Amino acid sequence: MTPQEHIQPSGQEPLADKIIDRIEQEGVVPKPRWQFSATNQFFWVIWALSLVFAAAAAAAMIFALANAGWEFRSVTHDGFFSYLVDVLPVFWIAAMLVFVLLAYENLKRTKLGYRYPVRLIVGVGVIGSLVGGAALFAGGLGENVEENVGRHIPMYRPAVEAQRRFWVNPSKGLLGGEITQADPEYATFTVRTFDGGMWVVNGDELGNRDRDYLSDKRIIRIVGVPAIAATNTAEPPVFHACMVFPWEVRGHAAFAPGAAPTFSVFSPSAGNQAVRIPFEQRSTLCKGVRPYDTLIRMRVDDGR
Amino acid sequence: MNAFTDERATDEEIVALALQKKEAFAVLVRRYEARLTRYMRRLGVFRTEDIEDLLQNVFLKAYRNLNAFDQALRFSSWIYRIAHNETMSFFRSRSVRPEGSMVPDGEEVLVEIPDLIDIQGETDKRLSGERLGKALYQLDAKYREIIILRYFEEREYSEISDILQIPVSSVGTLLSRAKKKLRTHYPTPPTV
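If you read the sequences in order, they're chains H and X. Going by my numbering, the first residue of the first sequence is number 1, and it counts up by one from there. Going by my numbering, the first residue of the second sequence is number 1, and it counts up by one from there.
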């Protein structure tokens with residue numbers, strides 16, 4: 001030790017003695033071990049909870065993405081950017097990242113948390129949340145979180161609700177809702193749209209695939225053209241159907257209370273046997289429907 | 001000789017004893033007093049009174065938190081961490097930055113550091129403590145701390161990780177950057 005490293009001028013009390021004196025005089029005692037252990041466990045618990053919330057946010061994000069109507073984007077939207085703005089689950093992505101960062105902040109405060117690199121903690125947090133979120137989504141919890149939590153978030157519109165709004169736009173040729181009444185061959189059927197409106201749908205020109213969907217599903221989406229405006233408010237307007245697609249909710253919570261849709265029992269009315277129009281006699285109405293070509297391609301890609 | 005005054009006992013054994021008998025803690029104070037004094041000087045605390053106050057705070061805090069000491073660490077890393085944090089709090093509370101970095105001319109590291117940081121132009125391979133002190137002073141605190149811990153205190157990467165509470169991988173990265181910065185700040189010796 002060099003002379004300048006001594007801090008204690010000669011004649012003064014050694015530091016060790018001073019420390020022991022102060023410990024005695026000030027009654028300093030070591031804090032109990034359980035306090036440190038409890039603090040450490042608290043941070044681990046908050047870390048784990050943060051990851052659970054991050055996984056729940058990821059489940060909601062996956063649910064929103066799975067029900068973003070990707071395959072119908074060119075039908076429901078005019079451009080890709082406007083589609084992204086409408087369907088990107090920004091809130092859930094942000095919520096997941098916030099919880100992952102919260103997990104990181106808490107892990108860092110555990111006893112040896114500083115030893116883990118940021119990239120490792122955040123990377124494991126994000127991947128873990130996505131894997132956990134995928135599992136929750138598969139179990140139907142994504143829908144619960146997305147709808148039940150989303151309902152309480154100002155300005156937030158749940159993904160399925162947003163899709164319903166996209167598909168109640170008859171002037172754009174989009175109609176979605178529940179079939180309430182139909183002829184046996186679906187030449188004419190009635191649809192109650194998601195916003196409660198009633199439409200009589202002309203299905204003369206629908207193909208076999210469309211009719212399969214109509215007989216399989218009670219909730220459908222229809223691409224077509226509004227044909228005849230209602231002459232009075234008592235009569236529903238008429239919609240000319242060009243194509244029918246099923247309405248499906250991916251990651252649907254099978255046991256969620258109130259989540260399962262309730263429909264009136266579908267029973268095609270007897271009589272009025274419709275005669276399907278042969279292909280060569282079909283109108284050209286559907287050719288004018290803007291997304292028609294895209295939809296035809298979807299059918300071709302589907303192999304039917 | 002009492003067990004707690006046995007200077008051959010390891011730090012960890014003395015910690016266990018100090019939890020039973022506070023007098024044993026004096027052994028740890030004696031062991032680390034000089035080392036921590038030197039470390040604080042290198043960090044830039046020059047006044048003897050300030051160092052004494054800081055040392056008292058460090059040892060009292062260590063005693064109060066003795067149950068928090070984790071046997072997964074070395075005691076020296078733990079006490080250095082407390083000393084480091086106290087010194088940084090001292091600078092913050094006084095709203096001052098370190099007044100320099102004291103590197104006495106007698107330091108052995110002055111012979112080795114030109115090779116360690118690849119400083120060109122040092123024909124006699126011996127640096128002046130004053131010039132190195134000035135160069136260190138110009139570094140950001142995070143770079144200065146890591147240079148001091150690695151080359152002056154001769155701490156391993158894992159110990160530096162435990163003292164500064166950063167991942168071991170960050171120690172390597174930070175040290176590499178610190179050496180580059182030190183090279184740029186080190187004044188070129190006047191040509192004769």
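FYI, nobody ran anything at the bench for these hints, they're computed from the structure. Please read these numbers as outputs of a predicted model, since none were measured by experiment. Quick reminder that beta carbons are idealized off the backbone N, C-alpha and C, glycines included. Any given hint could turn out to be false.
Stated by the list, open to error - Listed below are several chain H residues computed to face chain X (Cβ distance under 7 Å; list not exhaustive): (1) I19; (2) I23; (3) G27; (4) F36; (5) R109; (6) Y114; (7) R119; (8) I121; (9) V126; (10) I127; (11) G128; (12) A134; (13) R151; (14) R250.
To be verified - Partial list, computed: chain H residues near chain X (C-beta under 7 Å): (15) A16; (16) R33; (17) A94; (18) V98.
Do the hints match the structure? See the list:
Annotation: H/I19 was flagged as interfacial toward chain X, and the flag holds, the nearest CB pair being 5 Å apart, inside 7 Å. For the restraint placing H/I23 at the interface with chain X, the shortest Cβ-Cβ distance is roughly 5 Å, inside the 7 Å limit, so the hint holds. Taking 7 Å as the C-beta contact cut-off toward chain X, the hint placing H/G27 at the interface is violated, the least distance being around 11 Å. Annotation: interface hint on H/F36 holds; nearest CB of chain X at approximately 4 Å, less than 7 Å.
Taking 7 Å as the C-beta cut-off, the interface hint given for H/R109 is violated, the closest approach to chain X being about 10 Å. The interface hint given for H/Y114 holds, since its Cβ lies 4 Å from the closest Cβ of chain X, which is under the 7 Å cut-off. Here the hint on H/R119 is broken, as its CB sits about 9 Å from the closest CB of chain X, past 7 Å. For the restraint placing H/I121 at the interface with chain X, the shortest Cβ-Cβ distance is roughly 10 Å, beyond the 7 Å limit, so the hint is violated.
Restraint check, H/V126 versus chain X: the minimum CB separation of about 18 Å is more than 7 Å; hint violated. Hint on H/I127 is violated. Least Cβ distance to chain X is approximately 19 Å, over the 7 Å limit. A distance limit of 7 Å between C-beta atoms decides the matter here; for H/G128 the minimum to chain X is near 19 Å, and the interface restraint is violated. The criterion of a C-beta within 7 Å of any C-beta in chain X is not met by H/A134, whose closest approach is roughly 29 Å, and the hint is violated.
With its C-beta approaching chain X no nearer than about 42 Å, H/R151 sits outside the 7 Å limit, and its interface hint is violated. Interface hint status for H/R250: violated, as the beta-carbon distance to the closest one in chain X is roughly 40 Å, over 7 Å. Taking 7 Å as the C-beta cut-off, the interface hint given for H/A16 holds, the closest approach to chain X being about 4 Å. Here the hint on H/R33 is kept, as its CB sits about 4 Å from the closest CB of chain X, short of 7 Å.
A distance limit of 7 Å between C-beta atoms decides the matter here; for H/A94 the minimum to chain X is near 27 Å, and the interface restraint is violated. For H/V98, the suggested interface contact is broken, since its CB lies about 23 Å from the closest CB of chain X, more than 7 Å.
Hints 3, 5, 7, 8, 9, 10, 11, 12, 13, 14, 17 and 18 from the list above are not met by this structure, while the remaining hints are.
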